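Go by the hints and put chain H onto chain B.
There are 2 protein chains.
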Amino acid sequence: MLKDWRRSERPEDEELEKRLEDLRGRLAAKQNQVKEHKLPVLVVLEGWGAAGKGSVLGKVIRNIDPRFFKVATMSVETEEEKRKPFLYRHFVKIPEAGKYMFLDGSWMDEVTGEYLHGELSGEEYRKRLSSIRMFERQLTDNGYLVMKFFFHIDEKEQKKRIDTLLEDKNTKWRVSQSDLWQNKHYDKCLEVYDNYLRETNQSQAPWYIIDAKNKKWAETQLLDILVNGIDTALSNGAVAVPILQNMFPLRKTPKLAEISLKDKCLTEEEYHRELDKCQKKLAKLHNELYRKRIPVIIAYEGWDAAGKGGNIKRITGALDPRGYEVHPIASPEPHEKARHYLWRFWTRLPKTGHIAIFDRTWYGRVMVERLEGFCSENDWQRAYNEINEFEKELTNWGAIVIKFWVQIDKDVQLERFTDRQNTPEKQWKITDEDWRNREKWDLYETAVDEMLQKTNTTTAPWYVLESNDKKYARIKALKILIEEIEKRL
Amino acid sequence: MLKDWRRSERPEDEELEKRLEDLRGRLAAKQNQVKEHKLPVLVVLEGWGAAGKGSVLGKVIRNIDPRFFKVATMSVETEEEKRKPFLYRHFVKIPEAGKYMFLDGSWMDEVTGEYLHGELSGEEYRKRLSSIRMFERQLTDNGYLVMKFFFHIDEKEQKKRIDTLLEDKNTKWRVSQSDLWQNKHYDKCLEVYDNYLRETNQSQAPWYIIDAKNKKWAETQLLDILVNGIDTALSNGAVAVPILQNMFPLRKTPKLAEISLKDKCLTEEEYHRELDKCQKKLAKLHNELYRKRIPVIIAYEGWDAAGKGGNIKRITGALDPRGYEVHPIASPEPHEKARHYLWRFWTRLPKTGHIAIFDRTWYGRVMVERLEGFCSENDWQRAYNEINEFEKELTNWGAIVIKFWVQIDKDVQLERFTDRQNTPEKQWKITDEDWRNREKWDLYETAVDEMLQKTNTTTAPWYVLESNDKKYARIKALKILIEEIEKRL
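Protein sequence lines, in the order shown, are assigned to chains B and H. Start counting the first sequence at 57; every next residue gets the next number (this note's numbering). Start counting the second sequence at 57; every next residue gets the next number (this note's numbering).
Pulled out of the complex, with its shape left as it was, chain B reads as follows:
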């Protein structure tokens, strides 16, 4: 794309000024519509060093109320970020519905830079590209407007600008080592950038190349494309998008009704003996995980009153408190609801070497959100693949991902509900909603069966914990966890 790009005629100064004024006004006028339609707008600015994206960006945002946009500049990864999956620091920056996020440099900057400097092999680089395509597609599929701009100048122009900046001691600092390197290896960079743009030029999130030789002209082009892109997005309501094929190898999964809960129980004595043994083992393994910097993500789902909380406690009981977090997941806060549904899980990922336990998870999308109509059918249908993709990012990063379905039968639930109701110190644990959900048992069961079937991947498998006897379920969870960790170490 970059290589066969050719400059189009720039309008005369007077005409340009007129168009620029007009476009600035149009962008300003869009603000309320963007807000009302709850459109999240992600604007990515990439380009050659010294191409002027920063200064154009500075002009563009003057037309938007500061309450409605944020700007983030690509910076060196922090130690914290280095211990998260590659997409982490990008995913967490996505805008809220009705707001803009402008990124001065992005994942393109990062991965092409690493590839050019030999920090990523060809194979790793191609893997990154496919993660990036997935990431951008997940955003646009979920209603995000993603506008990607590349500020283009030729080698000579870049050299001239760098030299001018260097000559003045007040601007000298603005020339980075990377700019100098880029100019010296312009052709090599061009090749890589061209390839990157082609590989990530998706029909719903295409690249726009900005002729950046003249700043006003660059601003005009960007505003023109941005304003039109917003118009196009606003003219659509919720759009259903193709459901992609699940390309992940799946394990065979029994239906919930086929799972026997009988005889899945332990005596007090068996339980305490096993518990003690398992916890000691897990404590040791936790240390090893920490030293080897392997992250672990444990997801708990299950019926109300199935015993998730108690189960989790028996795991954390074995762990060093500095090395794990438990995330109880309730309905999303407004700032979470305003973003891609996986955002609140991306932001809660553990660092390498840490364990994160989720008490309820991203699977809410295909259970409660599906059944309560909090998202469209297209949304939850699409979610199986999106979730598999999310978990694949985690396992590719090196994480151990384990998912527990805590299973009880309907009678046991009734017993436990009644017990909660009748025991003063347990009453806080039972709400009207629990009873309402219970009425929808069959609907949930269908949804859970479909969920287990479609997301039981070989890399992030589901395990059913038979929990009519909580002791049995706790020991089973510990043993699976131990086994999965030992497999990895």
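Each hint should be verified, as a subset may be incorrect.
Said to hold, decoys possible - Pairs of lysine to any residue, SDA-like flavour, derived with a Cα cap of 25 Å:
| id | chain 1 | residue 1 | chain 2 | residue 2 |
| --- | --- | --- | --- | --- |
| 1 | H | 543 | B | 63 |
| 2 | H | 269 | B | 514 |
| 3 | H | 311 | B | 62 |
| 4 | B | 140 | B | 184 |
| 5 | H | 308 | B | 77 |
No lab work stands behind these hints, which were simulated from the structure alone. This one's a predicted model, so the numbers in the text were calculated from it and none came from an experiment.
Just chain H, lined up with the frame of chain B:
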């Protein structure tokens, strides 16, 4: 994609049978909705030889009324097709709104085959891929549902099937040379197919890989994806899609108002002398074009009564009737309107060595269709790029593409209209619509200026023919044509 594809569990026979029955019923039930929503459905079946796409296809179409679908099988290119652009024989097969087209083999089959057999260089192959991405995107952007399936079996399974077919003299004929070659070079083919699928896996027209080891299971997978794809498409109304950047180098274009019509005239004597000279020259060049098999496409647009017809006559007057066609373009017929707006131009392309003259053209999309509201704003905004892409396919194929805008001023139009009205033998040439269009002169002028500006590419340029004096315009057209042809020869 193919290389890391792994088989998912197939349901038990009984369960499979139940799902298959259900899906067949669902597809049958879709027919009326597809028709009412005027959804055009293009189903592409690709895969390994002997993977059974033909027999699965045979079963799938049993659920649809024959009036609502067509099936086309990839065949060897005819002599006629060989003399058209590579996309020609594929573009002409796209379905009508509300109908299905099933393709047993497609452009994938063609280009991967040619590439594997060394008939396409790596560079030519990549060009084809980018044409294919453009083609499929133009379809989905214009409301087509494009479903692409790849029937996958492994090397051993393919060998087994081929051997079984060969053993029986009744089925022996079904094994093609290409099937044998494919099996012998399975790994090499896998590599190329895998790459092809990845390169053309667009978010709006993704690939679906069908596990084709078991026929009923293959049919079930295909029906499931197809039915869901149709559901998704039906749930959307008209969707606005991103306007892509015009990546084509453009020539600077004056506005119509800046074009002087004064002094652009010839005396009768000059005219006849020039006409004679030009026509003789053109006749000679036409011969040469024919021998060198260079196709020429001449597009005429202009104001009503500007003199397009007479201008065209002076060109055809010089040509051998066996080597050109004139296509007068009126409003589209129902079967044309039911397809992508460029379809009726793809079907009218000349063979190599021939000249096609279009009296009015595909630019109707950004003039009359824009101004009369026959298409949405998103449609005509998108059309500039789509048209540039279309013309680029033509010039890449080797065609000379010349576009004439026949220009007169408003007074001259009035004179000619009045003259037509008052001259009995010319009255057929003037209608109420012409007068209505005249009232919209200013709106048209804005649209034409935008059109000229956005589609005046260096490879398919616009030329303005000043036609207040028709003689001047005719000679100018001839001279431009001669010059452009001479440049190429």
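Hint check:
no.	hint	verdict
1	H:543 x B:63	24 Å, holds
2	H:269 x B:514	21 Å, holds
3	H:311 x B:62	22 Å, holds
4	B:140 x B:184	15 Å, holds
5	H:308 x B:77	22 Å, holds
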